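Sequence order for the protein chains is R and H. First residue of the first sequence: 1, per our numbering; consecutive thereafter. First residue of the second sequence: 1, per our numbering; consecutive thereafter.
Derived by calculation from the structure, the hints in this document are not laboratory data. No experiment lies behind these values; they were computed from the predicted model shown. Beta carbons are placed, not taken as given, at the ideal position from N, Cα and C, and that holds for glycine. Be a bit skeptical, because a hint or two may be false.
List time: in silico BS3-like cross-link candidates among lysine-lysine, alpha-carbon distance up to 25 Å [stated by the list, open to error]:
#1 H:Lys80 / H:Lys157
#2 H:Lys279 / H:Lys261
#3 H:Lys80 / H:Lys279
#4 H:Lys335 / H:Lys279
#5 H:Lys347 / H:Lys253
#6 H:Lys157 / R:Lys79
#7 H:Lys347 / R:Lys76
#8 H:Lys157 / H:Lys253
#9 H:Lys253 / R:Lys79
Computed, partial: chain H to chain R, Cβ under 8 Å [stated by the list, open to error]:
#10 Leu25
#11 Tyr30
#12 Gly32
#13 Val33
#14 Thr34
#15 Gly61
#16 Gly225
#17 Thr229
#18 Arg231
#19 Thr310
#20 Arg345
#21 Arg348
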Amino acid sequence: MSRIDEGIRYTESHEWVKKDGEDYIMGITDHAQHEMGEIVMVELPAQGAQAVRGEALGAIEAVKTAEDFYAPLDGKVVKVNGELDGNPGLVNEDPYGEGWLVVIRAVDPAQYDELLSPDQYRTLAGE
Amino acid sequence: MEKKTPLFAKHMALGADIQPFAGYLMPIRYDGVTGEHMAVRRSVGAFDLSHMGEFRVRGAGATAFLDHLLTNDAEVQPGKAYYSTMCYPDGGIVDDLIVYRISGQEYLMVVNASNIEKDWAWVESHMTGFDVSITDESDETALVAIQGPNSQAVAAKLTDAPLDGVGYYEHLTGTFAGVPALIARTGYTGEDGFEIYTNSRDAEAVWDGVMEAGREFGIVPVGLGARDTLRLEVGYPLYGNDIDHSVTPIEAKLGWVVKLKTPKDFIGREILERQRDEKPARNLVGLSVTGKGFPRHGTPLFQGDRQVGTVTSGSIAPALNTGVCLGLVEYGVRKNGTEMEAEVRGKRIPVKVVGIPFYSGGSRKS
Chain R
1 MSRIDEGIRY TESHEWVKKD GEDYIMGITD HAQHEMGEIV MVELPAQGAQ
51 AVRGEALGAI EAVKTAEDFY APLDGKVVKV NGELDGNPGL VNEDPYGEGW
101 LVVIRAVDPA QYDELLSPDQ YRTLAGE
Chain H
1 MEKKTPLFAK HMALGADIQP FAGYLMPIRY DGVTGEHMAV RRSVGAFDLS
51 HMGEFRVRGA GATAFLDHLL TNDAEVQPGK AYYSTMCYPD GGIVDDLIVY
101 RISGQEYLMV VNASNIEKDW AWVESHMTGF DVSITDESDE TALVAIQGPN
151 SQAVAAKLTD APLDGVGYYE HLTGTFAGVP ALIARTGYTG EDGFEIYTNS
201 RDAEAVWDGV MEAGREFGIV PVGLGARDTL RLEVGYPLYG NDIDHSVTPI
251 EAKLGWVVKL KTPKDFIGRE ILERQRDEKP ARNLVGLSVT GKGFPRHGTP
301 LFQGDRQVGT VTSGSIAPAL NTGVCLGLVE YGVRKNGTEM EAEVRGKRIP
351 VKVVGIPFYS GGSRKS
């Protein structure tokens with residue numbers, strides 16, 4: 001059983017999004033990190049990059065696979081998790097905490113409400 | 001519907017990540033690829049490889065038959081094994097395999113699981129004129145591999161067979177964990193190790209025996225994920241990734257398993273001989289990732305605007321902590337030290353041709 005936190009939203013492509021004041025923090029879910037196995041590199045977008053909902057924002061390399069991660073909202077990347085450069089395993093260890101990926105300043109906050117609820121994500125992930 | 005190996009219940013109980021592979025539901029990883037990989041490098045690991053195919057070849061014509069069918073020389077002593085490719089007339093590889101010579105007139109061919117049906121049809125179609133019989137024993141044969149520097153210490157607790165007398169690529173038949181077995185010092189990891197072939201109904205006895213005997217050495221079950229990183233780290237090609245029908249053993253630098261120095265005729269000889277003499281258009285080489293990133297199977301390799309090759313396998317090398325690849329590159333850029341770039345998601349990652357194995361600290365005896 002992977003962890004699915006309450007109070008945050010999810011995407012069909014296994015990202016989570018958490019509202020943080022004006023901004024939105026995102027990462028990949030516990031389910032996703034578990035499916036991928038040990039993560040050895042995270043390719044993050046540049047700070048200031050455009051985020052286009054549903055389009056690849058960066059990539060995650062595990063030992064056996066590589067997967068893109070996708071912008072859950074339209075907006076701008078205002079912060080990236082530089083810690084992952086030296087310690088990509090944080091995504092495995094603490095996917096909802098220290099393993100966060102980027103912070104997005106959304107252009108349309110209503111998009112957040114369109115994301116999956118924890119219950120909807122639980123069904124999707126088969127947990 | 002995928003098949004299950006006789007150890008499927010063991011993998012479930014161990015909480016393995018199980019995925020379809022080559023028609024079987026196989027354990028891909030248990031606790032994690034890196035930990036499993038390093039356990040094999042440092043001590044010992046156990047693998048269920050019961051998906052592999054086994055064909056028994058018997059008869060007065062067995063040696064002549066295998067010499068016709070396979071590129072390597074079948075005239076080894078009973079008790080020895082050899083690695084070979086099996087080629088099409090155009091030199092492309094049908095499969096790569098290990099052949100154990102059981103006795104003067106009996107051999108056991110061990111083929112890739114993904115190729116069992118194709119290989120069987122190919123082998124069977126070439127029997128005409130040879131005094132041999134062949135049997136597909138794949139379904140009733142289980143294979144447990146013990147790999148790592150402590151392999152012999154573990155195996156010795158389970159058999160009275162004189163393992164010290166079994167050299168690399170040698171084997172004997174004996175009792176192992178209380179059941180009849182073919183005990184071979186072979187493997188696919190670059191480490192010392194044994195492969196234990198038994199009847200499927202005895203698989204659990206072997207597995208349980210190995211896990212129990214290995215406990216004092218910290219033995220771990222190892223899935224196909226780490227099997228792949230282990231073999232890549234020592235530069236062994238994998239059928240379907242690095243070699244296939246479109247690649248010849250000469251291109252794959254497997255000329256050492258092609259008996260061109262003997263006068264024996266075999267399927268593919270004419271083409272392979274010409275390729276040896278005229279040099280192939282491309283070679284399979286090792287590549288070390290000097291930039292940041294991990295090129296994978298299918299990643300194109302460039303020098304400037306020109307594509308000079310393609311990555312055939314790529315991963316992090318857990319024992320080296322760098323990215324390593326095998327790639328098919330043009331003959332002109334095959335030499336060690338040659339620099340090129342892998343294009344991953346639109347970005348260029350510098351890589352360099354290096355010698356194989358990438359990891360040379362293994363305990364393999366030879």
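Earlier hints that do not hold, by number = 3, 5, 6, 8, 9, 10, 11, 15, 18, 19, 21
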